[in-house]
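Chains as they are written, first to last, in our numbering: chain C, -4 to 335; chain R, -4 to 335; chain L, -4 to 335; chain G, -4 to 335.
Everything labelled a hint here was simulated from the structure, so no lab data went into it.
Just to be clear, a hint being listed does not mean it is correct.
The list that follows gives simulated cross-link-like pairs (lysine-lysine, DSS-like), each with its CA atoms no further than 25 Å apart [as the list claims (entries may be wrong)]:
#1 K219/L with K125/R
#2 K244/G with K229/G
#3 K244/C with K219/G
#4 K229/L with K219/R
#5 K219/R with K125/R
#6 K219/C with K244/R
#7 K219/L with K125/G
#8 K244/R with K219/L
#9 K125/L with K125/G
#10 K244/G with K219/G
#11 K229/G with K125/G
#12 K33/R with K125/R
#13 K125/L with K229/L
#14 K244/R with K219/R
#15 K33/G with K229/G
#16 K230/G with K125/G
#17 K125/G with K33/G
#18 K219/L with K219/G
#19 K230/C with K244/L
#20 K244/C with K229/R
#21 K33/R with K219/C
#22 K244/C with K125/L
#23 K230/C with K125/L
#24 K125/C with K125/G
#25 K244/R with K229/R
#26 K219/L with K230/G
#27 K244/G with K244/R
#28 K125/L with K33/R
#29 K219/L with K244/L
#30 K244/C with K125/R
#31 K244/C with K230/C
#32 K229/L with K244/C
#33 K244/R with K125/R
#34 K244/G with K229/R
#35 K229/C with K244/L
#36 K219/L with K125/L
#37 K125/G with K229/L
4 protein chains.
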Amino acid sequence: MIRIGVIGCGYWGPNLIRNFHDNDRSAVAMVCDLDPAKLARATRFAPTAQTTTDVATMLTSDIDAVVIATPVSSHYELALAALEAGKHVLIEKPMAATSVQCARLIEEATRRGLVLMVDHTFVYTGAVRKIRELVQNGDLGQVYYYDSVRVNLGLFQHDVDVLWDLAVHDLSIIEYVLGRHPVAVSASGVSHVTGSPANLAFLTLFFDDETVAHVNANWLAPVKIRRTLIGGSKKMIVYDDLEPSEKIKIYDKGITVAEQDEEIYKMLIGYRVGDMWAPNLDSVEALRRETDHFLDCIENRQRPETDGAMGQRVVEILEAASLSMRERGRPVALSERTGK
Amino acid sequence: MIRIGVIGCGYWGPNLIRNFHDNDRSAVAMVCDLDPAKLARATRFAPTAQTTTDVATMLTSDIDAVVIATPVSSHYELALAALEAGKHVLIEKPMAATSVQCARLIEEATRRGLVLMVDHTFVYTGAVRKIRELVQNGDLGQVYYYDSVRVNLGLFQHDVDVLWDLAVHDLSIIEYVLGRHPVAVSASGVSHVTGSPANLAFLTLFFDDETVAHVNANWLAPVKIRRTLIGGSKKMIVYDDLEPSEKIKIYDKGITVAEQDEEIYKMLIGYRVGDMWAPNLDSVEALRRETDHFLDCIENRQRPETDGAMGQRVVEILEAASLSMRERGRPVALSERTGK
Amino acid sequence: MIRIGVIGCGYWGPNLIRNFHDNDRSAVAMVCDLDPAKLARATRFAPTAQTTTDVATMLTSDIDAVVIATPVSSHYELALAALEAGKHVLIEKPMAATSVQCARLIEEATRRGLVLMVDHTFVYTGAVRKIRELVQNGDLGQVYYYDSVRVNLGLFQHDVDVLWDLAVHDLSIIEYVLGRHPVAVSASGVSHVTGSPANLAFLTLFFDDETVAHVNANWLAPVKIRRTLIGGSKKMIVYDDLEPSEKIKIYDKGITVAEQDEEIYKMLIGYRVGDMWAPNLDSVEALRRETDHFLDCIENRQRPETDGAMGQRVVEILEAASLSMRERGRPVALSERTGK
Amino acid sequence: MIRIGVIGCGYWGPNLIRNFHDNDRSAVAMVCDLDPAKLARATRFAPTAQTTTDVATMLTSDIDAVVIATPVSSHYELALAALEAGKHVLIEKPMAATSVQCARLIEEATRRGLVLMVDHTFVYTGAVRKIRELVQNGDLGQVYYYDSVRVNLGLFQHDVDVLWDLAVHDLSIIEYVLGRHPVAVSASGVSHVTGSPANLAFLTLFFDDETVAHVNANWLAPVKIRRTLIGGSKKMIVYDDLEPSEKIKIYDKGITVAEQDEEIYKMLIGYRVGDMWAPNLDSVEALRRETDHFLDCIENRQRPETDGAMGQRVVEILEAASLSMRERGRPVALSERTGK
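With the hints as extra help, turn the sequences into a complete structure.
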């Protein structure tokens, strides 16, 4: 039985508590939050958990792993303390406020042989895993683009902008599905509340070929949209995360390009329209798969699918996006930011 | 009875022919195209029209007005010849290949007292007119953003990229609805066919305050989407042009911002969720309203709602976007391009 | 060139005129309506057509075939006169006001060797033809049910109720797709306008096994719905005629039934959920296919797919439904009505 | 603190357990099921609950109220025993297997002054309460019809048919919203599994005027649909329970009827198309409102909104429907069945 401590009982923490409590291989031994009312509420359905408002109490207890579900600005300090106390760590996304902090955490976990996992939940959904399968086995052909709209009337975060809050999901999906890293970004965005981070932003990722990715993220939209178009040379996908049953639709559609003999630079473009197909998806709850994977990694000292390295790459892209956004879309090379 | 000559029997020309033929105040007197088969087809339902493959024949005839529905690259030459022949002119969008050409056409029309109108059809839809009314009478409050997705598996144009073909609609709508002009743009886009213009592009328009506009245009999408979100400080709109009956939905949703006494820079953000309302829209066909307006302008020597000046401003933005796209989103000031 | 005369320029007539005018093998030679304004309007796009307000003038002319697009109550008299004048006949659905009238028309056409076709347009759509193919080749397994909702805010007919106006479409589809005939019906419906036929009705068709069909028809609905569920032992279909591109979705879903050894009458039911598939449909316009078929039948003296016999069977079911509706759903055997 | 005992840990029981556990005014003191695995599972998140496989143990304990979430066939016996043991009772719908049993339970509860409530959950949703408000305050005008489609691939029940399982929801909504009772029913339905109750059924309810209600219920549908159209003389409603945010849309649409002077029996029907409006709904969870109401009724000896009388009327309609279904839709008067 792996003993889990959870820090943070805000929006996401209770979901993690519920899942680790519900898993036969783990017990939620302790829960920490500064607000006693939230603590009481969060443990109402997790009767085995002790509560504390003091992180040190948790870190000196006999728990095996710490789950961090607090605001981003506190991730680094809490995760570092947990690793130094010899605990495995699962951190809510994004991993930390800077990529330098990410690197430091990876180093500490590696040195101590501890599991360091980032809670990029979408990677554990049946939909995203199916998309990865379709891309990796060549069904889509060459991937042309990833184009996501992720908007709703959502909680305005105080410490991070809308890209760090929403586009972060797409960045982890892109990393997982494509297995490739962008070389530059251009981002534009605005804040409509004085003193608050950007609540609306558009992010383009450039790769070293014609592949392009785009994310439209918005906290101030009238409706909720979670839809991604993925275009390939052979097939195209519509991934709508709000569809209850057919989240992925695969279209056998596209263009055909034929060179014309005499005018080699003028292409003859044809259009192909075929069937649509919605595969039945694995219905395991993403958080269930994720908690199982975290427990597996601890038991077998495995590297998680959403490890620190992925977490760091995502933060690097977000840092470059922030830089670009301040200059109205100026392209920022990933190497520019990281000095590579 | 105003006698109309139509040049170009491709995709759009036949719609214009049908409308001018169906209007009691006009007759389609002549139709011109290089392809006799297209000519025969286009006039099957317009029995009064003579046909010709020679533009000069049309321009020396007794028609009153010329409607130009040819590829963009030919707009300038044809429109100039028509104006010089003393004919009123309606040009399909975009108005011309460069803003310099637009300026020259405006000058010629003004000098001769002729009507010069650009076929920005969306301006004549019941939906866009209702949105303008809602914005102009203050129902939306301050407009925060205009965010449009306009994608489908569409015809790859040979002479213009996807922004000139699709985003052009949004630019005319923005001009008409907001009555304001952007100060800078950032655009990114790619071509997935060697030697072909960009088939996928993202365009951000910056204004001199926090207003922002964004257009996602794509010829290579698996599904057709025509959806625009418009956010305001009081209300927000979803405009879905593919909805058969409720194209506009107005959401009484948003945020409230309260300053906190002691920390003046820290805002307290509240969320407001109220009713949704879909106004019944005027059902006049847009092309019908547009042809009527063109005929009115000719009869009364009026300035059209979509006049040359609007056509020119749209082309200026497209030119700036093309410049930005070549440099992966580098922000381009509108003044930079036009030398203002 | 087959010369066509069209009687009736109401809602549907102009569509038929447009199609026969547009077909290279036919010409619309004459159009008849009592209202000169409608006549002028209907022939605006069909310049070859003479107009008349007198049916006799048309029937004594040299046309080859008559298309009847008038109210139901006049179908019989007009069609009989046309047949007696030696013209082939295409009648808008439903074929006639009584099945006895249908029988008389069939007899007359047969005797004279003329084509008698009923305009059950849905039979000529790509969607319905694909459904028939899926049913006939066994993909669906045993067909369990056909369940259609066909409602909108529609024109209240004066001479027929909503089943004769809307459910008639489903009856022709059922005839065509299943190739089987019901043995009894139960119908209920009400009128919400004094003196007007039922504007809302529900119709159940019983077959000689467990197959069942149901139609929900309504002229007074707030939204337009055209959706049919078809359940089979192997697969199930959702047919939504308002979907622009994916009208048919085929679900690999259902139940499995296993007998349990000891309790032979207690079945163990399992549930099967697989992929969904939307086949690309033939995009030929239904009216185009139908007019071509009518011309083929005339040229080759073929029996139409929607011949008089199908038209008569549809009217027989409608007669039985009317009887049942007057008695709040009392089941009416088809043989009861027809005396078979 | 009201002490609750829950009998039945199948599909619905755990939801009731969670709600009574989460309510500050009640405690789940005991849970009963024959299956120890289900008991363990159901109480994992309700740590205060004792478990038992013996109903008598629960009924002789010091609990105040019994919640019955077992198959229908056991409702009567369990509820009667609970009432005789002096416990308040909440029974899952439908109330019992026969209306005679319902009457007996009402009598027993009345005699002992105990609360007897039926778990018609939909009555406690924000959507249904808003519809009732719109109907009762006259916004809809005269109600013309209630037309519901409630289908999905659902669990085939062994002891009741699909009307008793699904249409029961509509019957409680109709009772609550209209406050009127039907006078006759016609039902048709079939079973596609030998020896199993009807899995597909259509039910029409007749009232003493032109109001009509219809329910289409199906366990073997390829997709889940929960949509009800409600037509009134002034406005019409679309209630789609699967819509995440706009469950109710109110259409200002309909017909106008004008008598014509000379032909008093011939009505002139006009069509009215206005705005659509989706009111923001109370977001209290239905089960939360229901458990609160049950606790209120116990504390104040109030009569519940979904009391035994409503439960009995619903069962009476279901009995009449079963009778009609056996005879292919023969109309059954409610008085015929109940001998009133």
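Find the hints from earlier in the document that the structure breaks and name them by number, from lowest to highest. 4, 9, 12, 15, 17, 20, 21, 24, 28, 30, 37
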